[in-house]
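Number of protein chains: 2
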Amino acid sequence: MDKDEKPNRNVRRRRRTRELILHAADSVFRAKGVDNATVNDITDAADVAYGTFYNHFRSMDEIVEARAELSIQRVSEFTDPLLKHAGRVELLPCIGARIIMRVLIADPAMRWMVERPYVFVDEISKVAAPMMRGAEAQAVADGRLKPVGGHECWLRMYPWLLLAEIQEALKSGDIFFHEEQFAYVSLRFLGIDDALAVSLVGESRDLVGDAALNLGPGASAS
Amino acid sequence: MDKDEKPNRNVRRRRRTRELILHAADSVFRAKGVDNATVNDITDAADVAYGTFYNHFRSMDEIVEARAELSIQRVSEFTDPLLKHAGRVELLPCIGARIIMRVLIADPAMRWMVERPYVFVDEISKVAAPMMRGAEAQAVADGRLKPVGGHECWLRMYPWLLLAEIQEALKSGDIFFHEEQFAYVSLRFLGIDDALAVSLVGESRDLVGDAALNLGPGASAS
Chain A
1 MDKDEKPNRN VRRRRRTREL ILHAADSVFR AKGVDNATVN DITDAADVAY GTFYNHFRSM
61 DEIVEARAEL SIQRVSEFTD PLLKHAGRVE LLPCIGARII MRVLIADPAM RWMVERPYVF
121 VDEISKVAAP MMRGAEAQAV ADGRLKPVGG HECWLRMYPW LLLAEIQEAL KSGDIFFHEE
181 QFAYVSLRFL GIDDALAVSL VGESRDLVGD AALNLGPGAS AS
Chain B
1 MDKDEKPNRN VRRRRRTREL ILHAADSVFR AKGVDNATVN DITDAADVAY GTFYNHFRSM
61 DEIVEARAEL SIQRVSEFTD PLLKHAGRVE LLPCIGARII MRVLIADPAM RWMVERPYVF
121 VDEISKVAAP MMRGAEAQAV ADGRLKPVGG HECWLRMYPW LLLAEIQEAL KSGDIFFHEE
181 QFAYVSLRFL GIDDALAVSL VGESRDLVGD AALNLGPGAS AS
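So the sequences go chain by chain: A and B.
UniProt numbering numbers the first residue of the first sequence as 1 and each following residue consecutively.
UniProt numbering numbers the first residue of the second sequence as 1 and each following residue consecutively.
Be careful, since some hints might not be right.
Note that the list lumps identical chains together, so a pair holds whenever it fits in one copy or between two copies.
Derived EDC-like pairs (lysine to aspartate or glutamate); straight-line CA-CA distance at most 16 Å [what the hints assert, rightly or not]:
#: 1; residue 1: K126; residue 2: E62
#: 2; residue 1: K126; residue 2: E65
#: 3; residue 1: K171; residue 2: D122
#: 4; residue 1: K146; residue 2: D44
#: 5; residue 1: K32; residue 2: E203
Bear in mind the hints are in silico, worked out from the structure with no lab data behind them.
Make a model of the complete structure from these sequences and hints.
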């Protein structure tokens, strides 16, 4: 190992420690809830020194936001291959609605954010908007998607619609109903006609399947 | 005056004092902002004793919410006669969008609530939902309005859509643009087709006119 590798190794070590802390935070949040978790709980679970936390995160809020961003990124990791398999952009809102509801509701960091609407909306916008802007641009240009008020209006409204629906899903416990509701609302917003919407929602039901239900709170919070 | 009138007179006096305090609170909020206003400011402006405030309101939050409710009720006082004049239920979302944006943005209590999304949504739901449920029920039943996900979904989503749009209007200062945007979003949600939407929004522009622009922040906050 020559000297030139050393900075890289330090970078890698730093990244590994950060991932260790983030991973530990998730376990602690699931076990105790975000509001009851302490920095000490997290560094204990990660088996690192207390001060190490602050080399990576300025505050508890910052690590909660980092966890939430991981969840939102996970949504696109789940959604992309399904969408490529389906090959039809109109399915994105349906598949996306199912995955995003299941992933976010399973994550205590996201549930914490539901109580802080502006933080929630900012986080969703930061991660989801660039992805959606890219994935939908062509379809908006050629008129397959006709978002009311234009594409930017849709990207801006999306996190608020999602927040309203997640909040209802958390209240009622019926995630499946609200992921379909969210899909229908999204399709209407995008100007997809009702008959096509019914078949798209049906198709997305088969594509996403029950497997992803393992992302639900019962499974991963246990 | 016989003894039987006395309780009524007390009730009337109590109501007058409450109105006096509410009126004074509005002036104070406009002059100093909600966050800087004190109970003392309000009782001074109303020329009542400090303790009188607490005969009517338990806290500052409670009087802010009461002021916000008055604003939301004002919306329906403005909207109802215009709608009767127009005689066409599809115009309700357009007229409503214009009036509600102008009234709410002009009211410091409502702007304060925009920072507290769940309070905002609750207040809008409490006052606006019963009114809308009544005004739109027949049109939903006979299919003139086809809200995606059903009428309750629309009533539930409405405050969130409004919040998102008001927030943008406050950011950009362009109330007119965002009241039309909100009207288009509402009409799409209600299943009105795009060509009709354009003519409805135009018609509502003439019906509401510039007069109501006096409700804007520049006019009433000065």
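> Which of the listed hints are not met by the structure?
Replying inline: Hint check: 4, 5 fail, others pass.
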